[in-house]
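Chemist: Same order as they appear, the protein sequences are chains S and W.
Using numbering that gives the first Met the number 0, the letters of the first sequence map in sequence onto residues 0 to 262.
Using numbering that gives the first Met the number 0, the letters of the second sequence map in sequence onto residues 0 to 374.
No wet-lab data here; the hints were simulated from the structure.
A hint or two may mislead.
As the list claims (entries may be wrong) - Cβ pair distances, simulated, as ranges:
| hint | chain 1 | residue 1 | chain 2 | residue 2 | range |
| --- | --- | --- | --- | --- | --- |
| 1 | S | Lys108 | W | Leu127 | 26 to 36 Å |
| 2 | W | Leu42 | S | Ile110 | 34 to 44 Å |
| 3 | W | Val360 | S | Lys114 | 46 to 56 Å |
| 4 | W | Gly227 | S | Asn39 | 50 to 60 Å |
| 5 | S | Ala175 | W | Gly140 | 22 to 32 Å |
| 6 | S | Asp38 | W | Gly156 | 52 to 62 Å |
What the hints assert, rightly or not - One side of the interface only, derived from the structure: several residues of chain W facing chain S at Cβ under 10 Å:
| hint | residue |
| --- | --- |
| 7 | Met237 |
| 8 | Asn257 |
| 9 | Pro261 |
| 10 | Lys369 |
Don't be surprised by glycine CBs; every beta carbon is placed ideally from N, CA and C.
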Amino acid sequence: MSEYLIEFNNISKFFGKVIALKDVTMKVKKGEIMCLLGDNGAGKSTLIKTLSGVHKPDEGEIIVEGNKTTFDSPKDALDMGIATVYQDLALVPLMSVTRNFFMGREPQKGIPFFKTFDIEKASEVAAERMAQIGIDVRDPSQAVGTMSGGERQCLAISRAIYFGAKVLILDEPTSALGVHQASVVLKYIVKAAADGLAVILITHNVHHAYPVGNSFTVLNRGKSLGTYEKKDLSREKLLGMMAGGEELDKLEIELKEMNRINN
Amino acid sequence: MSDKSKSIANKNNINQDERLKKVSPLRVLLNRPELGALGGSILVFIFFGIVAGDTGMFSAYGTLNFLDVSANLGIIAIAAAMLMIGGEFDLSIGSMIGFAGICIAIPAIYWGWPLWMSIIFAFSMAVLVGYFNGILVVRTGLPSFIVTLAMLFILRGLTLAITRLITGRTQVPGLRVLIEDDPIAWIFATDTFKGLFNWLGSMNLIALRTDGTPLATGIPPSVLWFVGLTILATYILMKTRYGNWIFASGGDKNGATNVGVPVGRVKISLFIGTAVASTIFATIQVLDAGSADTMRGTLKELEAIAAAVVGGCLLTGGYGSAIGAAFGALIFGTVSMGIFYTDVDTDWFKVFLGAMMLIAVIFNNYIRRKVTESK
Numbered sequence: 000m001s002e003y004l005i006e007f008n009n010i011s012k013f014f015g016k017v018i019a020l021k022d023v024t025m026k027v028k029k030g031e032i033m034c035l036l037g038d039n040g041a042g043k044s045t046l047i048k049t050l051s052g053v054h055k056p057d058e059g060e061i062i063v064e065g066n067k068t069t070f071d072s073p074k075d076a077l078d079m080g081i082a083t084v085y086q087d088l089a090l091v092p093l094m095s096v097t098r099n100f101f102m103g104r105e106p107q108k109g110i111p112f113f114k115t116f117d118i119e120k121a122s123e124v125a126a127e128r129m130a131q132i133g134i135d136v137r138d139p140s141q142a143v144g145t146m147s148g149g150e151r152q153c154l155a156i157s158r159a160i161y162f163g164a165k166v167l168i169l170d171e172p173t174s175a176l177g178v179h180q181a182s183v184v185l186k187y188i189v190k191a192a193a194d195g196l197a198v199i200l201i202t203h204n205v206h207h208a209y210p211v212g213n214s215f216t217v218l219n220r221g222k223s224l225g226t227y228e229k230k231d232l233s234r235e236k237l238l239g240m241m242a243g244g245e246e247l248d249k250l251e252i253e254l255k256e257m258n259r260i261n262n
Numbered sequence: 000m001s002d003k004s005k006s007i008a009n010k011n012n013i014n015q016d017e018r019l020k021k022v023s024p025l026r027v028l029l030n031r032p033e034l035g036a037l038g039g040s041i042l043v044f045i046f047f048g049i050v051a052g053d054t055g056m057f058s059a060y061g062t063l064n065f066l067d068v069s070a071n072l073g074i075i076a077i078a079a080a081m082l083m084i085g086g087e088f089d090l091s092i093g094s095m096i097g098f099a100g101i102c103i104a105i106p107a108i109y110w111g112w113p114l115w116m117s118i119i120f121a122f123s124m125a126v127l128v129g130y131f132n133g134i135l136v137v138r139t140g141l142p143s144f145i146v147t148l149a150m151l152f153i154l155r156g157l158t159l160a161i162t163r164l165i166t167g168r169t170q171v172p173g174l175r176v177l178i179e180d181d182p183i184a185w186i187f188a189t190d191t192f193k194g195l196f197n198w199l200g201s202m203n204l205i206a207l208r209t210d211g212t213p214l215a216t217g218i219p220p221s222v223l224w225f226v227g228l229t230i231l232a233t234y235i236l237m238k239t240r241y242g243n244w245i246f247a248s249g250g251d252k253n254g255a256t257n258v259g260v261p262v263g264r265v266k267i268s269l270f271i272g273t274a275v276a277s278t279i280f281a282t283i284q285v286l287d288a289g290s291a292d293t294m295r296g297t298l299k300e301l302e303a304i305a306a307a308v309v310g311g312c313l314l315t316g317g318y319g320s321a322i323g324a325a326f327g328a329l330i331f332g333t334v335s336m337g338i339f340y341t342d343v344d345t346d347w348f349k350v351f352l353g354a355m356m357l358i359a360v361i362f363n364n365y366i367r368r369k370v371t372e373s374k
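Please model the entire structure based on the sequences and the hints provided.
Modeler: This is how it looks when you write it as structure tokens:
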């Protein structure tokens, strides 16, 4: 049994002539949060889709709990406990919390052919699950549209965990949120990891990633700049890698030059 | 806040959010999609109660009359509402009514089929048409508005062309004699509770004909179909997994697909639903009139959609109710009949229909904002 819950070794993905990903390696242990950072266009989206079974990698291997495997579809990944929470969250604002929580996986009761959606039980579970993460949903029949962005994010994560996720892939969970909401979501992510999940947190916000992450992988132009443990990496160094430190240095020089000319 | 969630919250020792306002019962009611149509129905009845209360509109005969018209519209409005909740439109409902009518009449009259076989044939054709509409919308990703608009013309054209080709006319009469002894036709052609109406007549509680039989002979079949379908649709929407899929498919197609809802299958089944409802409408009318007419059902699709919208369905999908659509149909049916009992020229009915729909859309839009706004 490998010490890693999930490993992606030397993953490459090509679209025609375009090399979207090249030799990306990531490993996540149970109970750990691995942050995947990268600027726009670094290949984050392609990587997420490869991790969640939407794309098949052209090279490399995926190892889940020590066994080499392939994902033919998102459902395959889901069946192995690898759940992805996309930015759109797959929530319907007009539907109630309960109906969203169990959307597509409604509990049923009754005799065959006349089964009904067990909405009482579903409401109970949804309210209980939301309460566990400190969100009091008052009335589980309220529309998701009335919830804040952070609460919606927590609902989507909570739903993934309830339906048996072992590995949680979160796509920019804090990008659309204010400071307070983001901290609520991050707290919940830490708690989820502490409860034994492996979390891959995809973000471009170092300030959100650094406090919660155990390790960090930085993507740049489809390649991994390496994975670093937190102890080996300062926030400044991470910021530098993330933004392409050289480019910022260059920018600084150019700005100085401009100032000199203007003065 | 419901008692159940309160107890759950307390059990988990959640601090009540101090920024949370108490939700008034009125606000809870406002969040129900059928509220507008329910209120509208009450207003309509109050209006005619005052204006036409003593004209016989609300006698047994008059009441059954406007209920019959409402029920016929309601049968297709409920199916249209379910499809709209699922995020699609069906503009071919009216043409399907005409098409289903001749699918019953031509085999029965010209090919010598027994009536029950013609009726089953018409329903089979409806399933095919609905499936075709659905698969076209799902596979091509084209707006259902366009696909079913095309079907509106195709079906009406087919109905006319085939009927004239086979019969040389645009009407197929002579069905009435076939209804008796048919094993299926009674489902669409029987007045019920006749005994009750006879009794009411004998007690002189309702108006009688000169021969002593009551003027209103029984509940028309459309009304029972209407009530049955309203209950069935509400049960499906509120109480089943499939109902949840309908809301999800209309609310957010991609999100629903991502969590495993078979959106394509749901939508196709809803298109089959509208075509089958059109055929129920057509069967009842054809058997009642004893003839099929190629122009039957013209513009019914728009009335059905209008009733669904008045009943609280959003044009963008994901929200609405079957009960609302039923009340929407009741409003239209009551006004279209009630207007005869007033001094108002019946030409004004369409003005009313349009104004009603406009008000409903503005109201629904407001409600939707209320429902989805962040706190």
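Chemist: Would the stated hint for Met237 of chain W survive a check requiring a Cβ distance to chain S of less than 10 Å?
Modeler: holds (8 Å)
Chemist: Is 50 to 60 Å right for how far apart the beta carbons of Gly227 of chain W and Asn39 of chain S are?
Modeler: Holds - the Cβ-Cβ distance for Gly227 of chain W and Asn39 of chain S, about 56 Å, lies within 50 to 60 Å.
Chemist: Indicate whether the distance between the beta carbons of Ala175 of chain S and Gly140 of chain W respects the range 22 to 32 Å.
Modeler: holds (27 Å)
Chemist: Please verify that hint: Asn257 of chain W, Cβ, nearest Cβ of chain S, below 10 Å or not.
Modeler: holds (4 Å)
Chemist: Quick check: does the Cβ-Cβ distance between Lys108 of chain S and Leu127 of chain W fall within 26 to 36 Å?
Modeler: holds (35 Å)
Chemist: With a cut-off of 10 Å, does the beta carbon of Lys369 of chain W approach a beta carbon of chain S closely enough for the hint to hold?
Modeler: Constraint on Lys369 of chain W satisfied, holds at 9 Å.
Chemist: Within 46 to 56 Å or not, the Cβ separation of Val360 of chain W and Lys114 of chain S?
Modeler: violated (36 Å)
Chemist: Quick check on a hinted range of 34 to 44 Å for Leu42 of chain W and Ile110 of chain S, using CB atoms only.
Modeler: holds (43 Å)
Chemist: Should the hint that Pro261 of chain W touches chain S count as held when the rule is a Cβ pair under 10 Å?
Modeler: holds (9 Å)
Chemist: That 52 to 62 Å hint for Asp38 of chain S and Gly156 of chain W (C-beta), does it hold up?
Modeler: Holds: the Cβ-Cβ distance is about 57 Å, inside 52 to 62 Å.
Violation of the numbered hints given earlier is confined to hint 3; every other hint is satisfied by the structure.
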